[in-house]
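Engineer: We have chain A already, so just place chain B on it with the hints.
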Amino acid sequence: MMVTLEGVKFIQAAMIQYDYTIYDVDKDMQTKAQSSNLNEELGCVQYVFSDKTGTLTQNVMEFKKFSAGAHTFGKSDPKANHKEMKEKNITNVNFEDSKIKDHLNNPNHDNYPYLMRMLEILSVCHTVVVEEKDGKLQYNASSPDELALVNGAKYLGFSFKGRDEEDHILITTKDGEQKF
Amino acid sequence: MNVIEFNSTRKRMTVIVRTPDDRIMVMCKGADSIMLPLLRKGTNYVPQTINLLENYSREGLRTLLIAEKEIT
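Residue numbers (the working numbering), protein chains in the order written: chain A, 1 to 180; chain B, 1001 to 1072.
Please note: incorrect hints may appear among the correct ones.
Unchecked claim - Pairwise CB distance ranges (calculated):
| no. | chain 1 | residue 1 | chain 2 | residue 2 | range |
| --- | --- | --- | --- | --- | --- |
| 1 | A | E84 | B | N1002 | 32 to 38 Å |
| 2 | B | S1057 | A | I11 | 40 to 46 Å |
| 3 | B | S1057 | A | P113 | 24 to 30 Å |
| 4 | A | V8 | B | N1007 | 47 to 53 Å |
| 5 | B | T1072 | A | T127 | 24 to 30 Å |
What the hints assert, rightly or not - Cross-link-like lysine to aspartate or glutamate pairs, in silico, DMTMM-like; alpha carbons within 25 Å at most:
| no. | chain 1 | residue 1 | chain 2 | residue 2 |
| --- | --- | --- | --- | --- |
| 6 | B | K1011 | A | D145 |
| 7 | A | K179 | B | E1068 |
| 8 | A | K174 | A | E131 |
FYI, nobody ran anything at the bench for these hints, they're computed from the structure.
Glycine is no exception: its CB is placed at the ideal position from the N, C-alpha and C atoms.
Excised from the complex, chain B in its bound form:
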């Protein structure tokens, strides 16, 4: 339905889509530093994921986070 393209200020990109089962979802991927503060409090597996991100980046890998939310 809409695409908010990546730019260096937002450091993320977002699409808003209607899924085949007729829900409206916001799907987002972006830099971890930007994405982490945007997550809802109590999101599952956040500490584990931060831990893994750190391991990945220590290996020199490029890291990204992806997230989604249903709009109602």
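Isolated chain A, as found in the complex:
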């Protein structure tokens, strides 16, 4: 009886290891069953609670949606233009919106001031540091949220350039360089 049970558990563990639906493509790794004693308990699990971001999730943040004034921008299933992102050296942005250009480029639009305020804050209020690598600016952030937000602002025309010797924050907008 005991032997049979052990045999069953061993086969279950093997089946878990060979389950291609839980195979990690990025790491080219199969699931590893460290122990086969807990199979039946694993089968009882109905809910998984996670204490914080990054424990069970990847903790990769993307800039997808925002609202300014009474308008909301971005889509739930954005298909960002990857080529454009690469050319502009922008990461962590997955944003698509048809009306944003209209709001951004028309100073007479009701929403224009709100958008400008928001983007300015996004590009100024953060602790991201800039590193230069192969002539390209690279953002280094302590949290992935900030990286996504600063890149989002950059995508929408408020590009963070770094800090000068006196710790002023430099950004470039369509009106040129600005110093805070």
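Structural biologist: Only chain B this time, still in chain A's reference frame:
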């Protein structure tokens, strides 16, 4: 001029800057639960924004609020 970095008690970060047009602004971004009570009464678009925040979080998105105030 000053940076108050994020910590888990305050759940927000703040910078105080002198803008190019020589005003002093406090700019703040943080968790909605912390930011909402800090807003001045009568801030524009608060109900709409709360509504949108709820929609965003229901989609599983991470939500943040940003705000600013001029210091005089």
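Engineer: The structure should be examined with respect to each hint, and the outcome stated for every one.
Structural biologist: Status of each hint after checking the structure:
Distance hint check: the CB atoms of E84 (chain A) and N1002 (chain B) are about 36 Å apart, consistent with the given range 32 to 38 Å. Under the hint 40 to 46 Å, the C-beta atoms of S1057 (chain B) and I11 (chain A), about 43 Å apart, fit the expected range. Between S1057 (chain B) and P113 (chain A) the beta carbons are some 26 Å apart, a value that agrees with the proposed interval 24 to 30 Å. Between V8 (chain A) and N1007 (chain B) the beta carbon distance is about 51 Å. The supplied range of 47 to 53 Å therefore holds.
For the hinted restraint 24 to 30 Å between T1072 (chain B) and T127 (chain A), the CB-CB distance of approximately 26 Å keeps it satisfied. Of the pairs offered as hints, the one joining K1011 (chain B) and D145 (chain A) holds, with about 13 Å between alpha carbons and a cut-off of 25 Å not exceeded. Taking the CA atoms of K179 (chain A) and E1068 (chain B), the gap is about 17 Å. The hint holds against a cut of 25 Å. The suggested pairing of K174 (chain A) with E131 (chain A) holds, with an alpha-carbon distance near 23 Å, which does not exceed 25 Å.
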